[in-house]
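Peer 1: Each chain, letter by letter, is given below.
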Amino acid sequence: MGTKAHELEKADARVSRAFRKDGLLKRAYREFRNQRILYLMVLPGLIYFLVFRYYPMYGAIIAFKDYRVTEGITGSPWVGLEHFREIFSSTYFTNVLSNTLLISAYRFFFGIPAPILLALMLNEVRITWFKKSVQTVTYLPHFLSWVVIYGILSIMLSSSDGLVNKAIVSAGGAKISFLSDPDWFRTVLVASGIWKEIGWSAIIYLAALTAISTELYEAASVDGASRLRKIRDISLPGIMPVVALVSLLSLGNLLSAGFEQVFLMYNPAVYGVGDIIDTWVYRQGIQNFQFSVAAAVGVFKGVIGLILIVTCNWLAKRFTGKGVIW
Amino acid sequence: MIHAGKSDRLFDGTILVILALLCLAVIIPFWYIVVMSLTPLEVWTNTRTAFFPPLNKITFAGYEQLLTSWRLPRAFGVSVFITVFGTTLNLIVTLMMAYPLSLPHFRFRTPILFMVLFTLLFNGGIIPTYILVRDLNLMDSYWALILPGLVSAWNLLVMKAFFENLPAELRDAAKLDGASDWQVFWDVVLPLSKPILATIGLFYAVNHWNSFFDAILYITSAEKQPLQIVLRQLLQAGNMNEFVDMDTRAQMPLQSLRAAAVIIALVPMLIVYPFLQKHFTKGVLLGSIKG
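Chains X and D supply the protein sequences, listed in that same order.
First residue of the first sequence: 1, per the working numbering; consecutive thereafter.
First residue of the second sequence: 1, per the working numbering; consecutive thereafter.
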């Protein structure tokens, strides 16, 4: 009797084990069958990311190889850090690096406050049609290509018949060749960058400003606070998280410095002040076929960018309790 | 109180003046370039007539010259094609990828999202991508202008955020009725997605229309070059022999032809600008809230 019960129990356990196993398989199969269409939907995008985003990361190993077109990425011989040594011992690269950092720094110190100021001013405007018009006008340049902006600039700033130089001359000044004078190149670069993006970058601050509770402003008014005081003590602190996020994201682009714009506007006369990492990579790699050296610079740039973003986010997490990005 | 009112008025006045000046800084260059493209040399070099030219001096000769030669109209057509075809592909692939990633029960959601996010932090750089496009035999093909940027990680995440914000009850109700994932997507989600498709579609379209560097890298034959490339060449060329017919070249000065080319390149953007402004603003905010 006892053994029979025991056997029965054992058989029961076997059956239920088999049953569980069957259930697992069945569940997995059923899930796959049910989600089949989801896998199919994701597939093209997944292939895209693997081929066009991840394969180039693998291809970046040519930075440590002597890339030869005939032997391909895998076949080319390894050379270790030779290209990096070559880059960092080159005085021209040092110059390119300092140009990049300087242009980025100018963009940071002038380009970040400008749209904040615009948003704060727009937020004070009570006349709706005026506010709307200013927004419509200042957003527009954002949608134009850098080529169009370059066209407008080169026509306006032309040293022979440009409007700006005509104004300078009629005011008694001397003509300036803005786009080929090393003293002016960076100024033109940063100023035109702000001109193009100021309205657009203000949108995100405007949204943050409208999210601030009106009760705060009303309470401040009751206390007799002036308009400027309210801007300083309510509006500005209210948008600080957004300011931090924007600053952090632009820090990650420290070594980019606005490639397309520089590429269009620079010329050999201003290489000394305007040649940046990306333009140099383009000329070395694609025009002079020094693929490996150029790829090494690209890897250097990518790694520094990654480190900057991760570090800044870590710092933000440490001091404010939460990361700005993740 | 009266004192406060006075200082308030001064404050408002200062802000209005600054903002008006900022608008002028945008409007003046455009207006000047329009005038330049429409008038002969002696009108726009004269400060008195540069901004308000006499109407009888206005001529469309510059536009006629540019539009009757083959170069610019051809490039315009290429750009229209790339923008329409490219944006369609961008939207289809982004949409199909974003929807499963918005579903909590999709098994590979987290690893795929992580994979996408990582591309925002690190990339292989220009050179490996260039080598890849060359190895895929895409040089001098329109595909080289479309495939390398097929899905933008930002746009994908914005679209995914949109799907996540749709009320879950809609999906659950359809599921209870026995609808499959595909039926839910096709019959319930897609009809609600028109605003996000418009926004993301415009993001992609503006990018296609404005991009030029990919064409510099990958396009070699003159007849495949998009508008921005031809405009750049035209702005940097010492003469217009390559861009307008030789016999009519003398009609308009070089700078007027350049101004006309700039206007031709920006007019399509100006036409869609009202739609852009509406949808773009939404997209930016959606992206920033979730980003």
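By construction, these hints were calculated from the structure, which means they are not laboratory data.
Owing to the predicted nature of the structure, the values given are computational and were not obtained by experimental measurement.
Note that beta-carbon positions come from the ideal geometry of N, C-alpha and C, so glycine has one too.
A hint or two may mislead.
Short, incomplete list of chain X residues facing chain D, as computed with Cβ under 7 Å [stated by the list, open to error]:
no., residue
1, Lys26
2, Leu38
3, Ala225
4, Ile309
Peer 1: Determine for every hint whether it applies to the structure shown.
Peer 2: Comparing the hints with the structure gives:
Given hint, Lys26 of chain X at the interface with chain D, is violated; its Cβ is 16 Å from that chain's nearest Cβ, farther than 7 Å. Because the closest C-beta pair between Leu38 of chain X and chain D is about 4 Å apart, less than 7 Å, the hint holds. The interface hint given for Ala225 of chain X is broken, as the beta carbon of that residue sits about 11 Å from the closest beta carbon of chain D, more than 7 Å. Of the supplied interface hints, the one on Ile309 of chain X holds, with its beta-carbon coming within about 6 Å of a beta-carbon of chain D, less than 7 Å.
Figure legend: structure checked against the earlier numbered hints; hints not met, in rising order: 1 and 3.
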